[in-house]
Amino acid sequence: MTKEKFIKDVATKINKMINIPFINEETEQVLFELIVGILIGLLFDKFLGEIL
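Letter by letter, the sequence shown follows residues 27 to 78 of our numbering.
Subject to a maximum C-alpha distance of 30 Å in a straight line, what follows is the list of computed DSS-like cross-link-like pairs (lysine-lysine):
id: 1; residue 1: Lys42; residue 2: Lys29
id: 2; residue 1: Lys72; residue 2: Lys39
id: 3; residue 1: Lys29; residue 2: Lys39
id: 4; residue 1: Lys72; residue 2: Lys31
id: 5; residue 1: Lys31; residue 2: Lys42
id: 6; residue 1: Lys34; residue 2: Lys72
id: 7; residue 1: Lys72; residue 2: Lys42
id: 8; residue 1: Lys72; residue 2: Lys29
If you are wondering where the hints come from, they were derived from the structure by calculation, not from laboratory data.
I would like the entire structure built from these sequences, with the hints used as guidance.
This is the structure we're talking about:
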């Protein structure tokens with residue numbers, strides 16, 4: 027599984043659980059993909075920082 031696919035899958039699961047009023051589903055999906063991507067990046071950087 028690629029990083030992009032993983033981010034999309036996690037964001038889709040979050041999007042199904044959370045509804046943001048006044049924002050359509052497509053925009054919510056993009057928002058959650060951005061948030062998940064940022065969080066994955068931060069965790070990855072922290073993890074690598076501890077190893078190196």
